[in-house]
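K.L.:
Top to bottom, those sequences are chains A and B. With my numbering applied, the first sequence corresponds to residues 1 to 396, in that order. With my numbering applied, the second sequence corresponds to residues 1 to 67, in that order.
Calculated from the structure, these hints are not laboratory results. Check before you lean on any hint, since a few could be wrong.
Claimed, not checked - Under 8 angstroms between C-beta atoms, here's a sample of chain A residues computed to sit facing chain B: (1) Tyr50; (2) Val53; (3) Gly118; (4) Lys122; (5) Gln123; (6) Met177; (7) Arg178; (8) Gly183; (9) Leu185; (10) Ala265; (11) Pro268; (12) Pro297; (13) Tyr339; (14) Leu344; (15) Leu351.
Bear in mind that the values here come from a model prediction, so they are computed numbers and not experimental data. All residues carry an ideal CB built from backbone N, CA and C; glycine is no exception.
The chain contents come next:
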Amino acid sequence: MTRRSLRSWLWVHKWTSLVCTLFLLIICVTGLPLVLKDELEALLDGGLPYAQVPAGTPNVSLDRLAARSRTMYPGEIILSILSDDDEPKIVVFMAASWDAFKADRKSAHWIRFDAHTGQVLKQSKPFDGDGKSFLDIMLSLHRDLFAGLPGELFMGLMALLFVIAIASGAVVYGPFMRKLDFGTLRAAGSSRLKWLDLHNMIGVVTLAWALVVGVTGVINELSTPLFVLWQQTDVRAILAPLRGEPVPPQSELSSPQAALDTVKAEAPDMIATSVVFPGSPFGSPYHYLVWTKGQTPLTSRLFSPVLVNARSGALVSVVSMPWYLRVLEISRPLHFGDYGGMPLKIIWILLDIATILVLGSGIYLWLSRHSSVAAEDRLVASHHASALSPLRGPAP
Amino acid sequence: MNGSKVRRSLGRIWRWPALLAALTAFGLLSALIGQTGFWWAWSWIALAAPLAVIVWCAGKSLLRFQV
Numbered sequence: 001m002t003r004r005s006l007r008s009w010l011w012v013h014k015w016t017s018l019v020c021t022l023f024l025l026i027i028c029v030t031g032l033p034l035v036l037k038d039e040l041e042a043l044l045d046g047g048l049p050y051a052q053v054p055a056g057t058p059n060v061s062l063d064r065l066a067a068r069s070r071t072m073y074p075g076e077i078i079l080s081i082l083s084d085d086d087e088p089k090i091v092v093f094m095a096a097s098w099d100a101f102k103a104d105r106k107s108a109h110w111i112r113f114d115a116h117t118g119q120v121l122k123q124s125k126p127f128d129g130d131g132k133s134f135l136d137i138m139l140s141l142h143r144d145l146f147a148g149l150p151g152e153l154f155m156g157l158m159a160l161l162f163v164i165a166i167a168s169g170a171v172v173y174g175p176f177m178r179k180l181d182f183g184t185l186r187a188a189g190s191s192r193l194k195w196l197d198l199h200n201m202i203g204v205v206t207l208a209w210a211l212v213v214g215v216t217g218v219i220n221e222l223s224t225p226l227f228v229l230w231q232q233t234d235v236r237a238i239l240a241p242l243r244g245e246p247v248p249p250q251s252e253l254s255s256p257q258a259a260l261d262t263v264k265a266e267a268p269d270m271i272a273t274s275v276v277f278p279g280s281p282f283g284s285p286y287h288y289l290v291w292t293k294g295q296t297p298l299t300s301r302l303f304s305p306v307l308v309n310a311r312s313g314a315l316v317s318v319v320s321m322p323w324y325l326r327v328l329e330i331s332r333p334l335h336f337g338d339y340g341g342m343p344l345k346i347i348w349i350l351l352d353i354a355t356i357l358v359l360g361s362g363i364y365l366w367l368s369r370h371s372s373v374a375a376e377d378r379l380v381a382s383h384h385a386s387a388l389s390p391l392r393g394p395a396p
Numbered sequence: 001m002n003g004s005k006v007r008r009s010l011g012r013i014w015r016w017p018a019l020l021a022a023l024t025a026f027g028l029l030s031a032l033i034g035q036t037g038f039w040w041a042w043s044w045i046a047l048a049a050p051l052a053v054i055v056w057c058a059g060k061s062l063l064r065f066q067v
């Protein structure tokens, strides 16, 4: 590497880091509780417990739960029904009408049923009346700083700078370590030297993990535009032949349970996780959209939508997902660390803390930048000298 | 050895970091692709390696400082 290119890489590392560090610190700190999101949610839930039932007890019919929900909220419509495969629960999402829901997504609410007994376990208030939970606040800070899509894109940009900072950090790592053994922490040196060694050591040791979580973070922040792209291309093409037909009123819909059974018969290896009702902005105007997923750790992250005619109940098509949504789906577990049990989550938290140490030491190194400028000059000068001298030979 | 004047080759500088990066990649993928607890366990071991190295380096430095 020439003197000039080393200087350029140092400049890139310094400035990409400086711009993103504050936001990355927010992301890392709020990410700590989010790793344990499922566990904390279960702990803070306050709903009734699931009924103890013999193994193999079948789920109650979605039709029964749909009818029950409509009786509880006369005149309201069902938006979708979620059927969890991890827990024996079925959640019915409702709103006053599709127009009301489209005007204000937060006007929706849900009822959670026990999947085996049909008992109501918990009801939400309307989403805006519930107040934000601790985890909601953490997620907003982590994902969009309470700023919706612009916030997502901004945090995505910060994550991209973080990725560039990691890559440029790796490039300048070599020149720093020319005269040092791996992992050396010069404890006897100046305070700045100690933090520099710590920054380099933890940074390079966690390099691959931080890179993966950074890149998948960028991809996750793009999920909103990616889904819009899919809706406006593939989904629009599928629905084109039916354009202009009215959305069937909920009283004229075929059975949602029958739609689920049809999908299960068509794809016996798949697990159906939710039924989105016709008219939803997240579905089709004319079909039940049934989301299905596979059963292995990897394929359980890959969802495929199946369309069922919501008047006749006939299967229409299994929609194949575009590559960019598959990439997004694989990015989720690699970002969340929720795919290898509790030990993996704990490792995720510890690696997150290690990243906080790298960020913090980076800030310290910048704050002590008077000696930093001198140190950079020395590094560049000695690198130049080493480039002239034979590799591994004694320093001149 | 520390701070000695011997200049290290790129291969030597990157030997440990490259090994840890390979272990990390293996750990991230084995829990995702593997379908049994066996692969989960290997994933935990592989991904704990960078953490173990941090503790080892910090411990080594603390010990030397006390002597």
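K.L.:
Look at each hint and say if it fits the structure.
P.N.:
Checked hints:
Violation of the interface hint for Tyr50 of chain A is found here, the shortest Cβ-Cβ separation to chain B being roughly 25 angstroms, above the 8 angstroms cut-off. Look at Val53 of chain A: its Cβ only gets to about 26 angstroms from chain B, farther than 8 angstroms, so that hint breaks. Residue-level restraint check for Gly118 of chain A is violated (minimum Cβ-Cβ distance to chain B is 33 angstroms; threshold 8 angstroms). The closest approach between the C-beta of Lys122 of chain A and any C-beta of chain B is roughly 31 angstroms, which is over the 8 angstroms cut-off, so the hint fails.
Restraint check, Gln123 of chain A versus chain B: the minimum CB separation of about 36 angstroms is more than 8 angstroms; hint violated. A hinted interface residue such as Met177 of chain A counts as satisfied when its beta carbon comes closer than 8 angstroms to some beta carbon of chain B; here the least separation is about 5 angstroms, so the hint holds. The restraint placing Arg178 of chain A at the interface with chain B holds, with a minimum CB-CB distance near 5 angstroms, inside the 8 angstroms limit. At its closest, the beta carbon of Gly183 of chain A sits 4 angstroms from a beta carbon of chain B; the interface hint therefore holds under the 8 angstroms criterion.
Residue-level restraint check for Leu185 of chain A holds (minimum Cβ-Cβ distance to chain B is 4 angstroms; threshold 8 angstroms). Checking Ala265 of chain A against chain B: minimum C-beta separation of about 25 angstroms lies over 8 angstroms; hint violated. Because the smallest distance between the Cβ of Pro268 of chain A and any Cβ of chain B comes to about 19 angstroms, over 8 angstroms, the interface hint for this residue is violated. Interface hint at Pro297 of chain A: satisfied, since its Cβ lies 6 angstroms from the closest Cβ of chain B, which is below the 8 angstroms cut-off.
Because the smallest distance between the Cβ of Tyr339 of chain A and any Cβ of chain B comes to about 6 angstroms, under 8 angstroms, the interface hint for this residue holds. Here the hint on Leu344 of chain A is kept, as its CB sits about 6 angstroms from the closest CB of chain B, short of 8 angstroms. For Leu351 of chain A, the interface hint holds, the least distance from its beta-carbon to any beta-carbon of chain B being 7 angstroms, beneath 8 angstroms.
Consistency note: the structure conflicts with the earlier hints numbered 1, 2, 3, 4, 5, 10 and 11.
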